[in-house]
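Student: Residue numbers (the working numbering): 100 to 301.
Some hints here could point you the wrong way.
Said to hold, decoys possible - DSS-like cross-link-like pairs, simulated, lysine-lysine; straight-line CA separation at most 30 angstroms:
1. 248 / 198
2. 182 / 142
3. 120 / 142
4. 177 / 205
5. 142 / 198
6. 198 / 182
7. 248 / 177
8. 142 / 205
9. 213 / 248
10. 213 / 182
11. 177 / 198
12. 182 / 248
13. 198 / 250
14. 213 / 246
15. 246 / 182
16. 182 / 120
17. 198 / 213
18. 205 / 182
19. 213 / 177
20. 250 / 177
21. 177 / 246
22. 182 / 250
23. 120 / 198
Simulated from the structure, these hints should not be mistaken for lab results.
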Amino acid sequence: PGTTVVFNFAASDALLAQIAKGAPADVFASADQEAMDRAEAQKVLVAGTRRNFVANTLVMVVPADSTLGLTGLADLQKPAVTKVAIGNPSGVPAGRYTKGALEAAKLWGAIEPKAIMAQSVRQALDYVARGEVEAGFVYATDAAIMKGKVKVVATIPTETPIAYPIAAVSGSPNPEAARRFLDFVASPVSQAVLARYGFGRP
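Take these sequences, add in the hints, and give me the full structure.
Tutor: Have a look at this one:
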């Protein structure tokens, strides 16, 4: 209460790059552990504040009016599938999860030439929603906000569970507010709100 929270939404790697260059931030939340591991290595986090705050799942989506009958990863090999939206694995956590899942299924070599690399998971979602690609990979929570424009055809198993970490940023001008925000995000009230948008408990 009484605290104004300003959000900056972008791919986790992009946010970390901004923080590392001195952009003002009190809290960093990442869509994967790898970006947070790098944040720790770069010493931009307050030690002992890192925790997982929500969980998500990776899904394969197609345009709502798709008639290709795609139901799983193997279907992406079909000749009718020429473009697949994937977050760029070099900077987008959802892309790293997607690449890992396709590699585990021994399909990355076949699908990579069809990949349209998106700069964020939302961009991948937009490509699918606009029908610019035959399929794409996004988080379940992203698919849920465009139910009328995309449909989920498969939930994709990932090597590691998709849990989002959060931590206080070192050098924050508002360290006490950052601590309170971390506590608030973990509270039952916040978890109930996040659950309404499809997030699971970590």
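Student: Tell me, which hint numbers fail for this structure?
Tutor: Of the numbered hints, 2, 8 and 16 do not hold.
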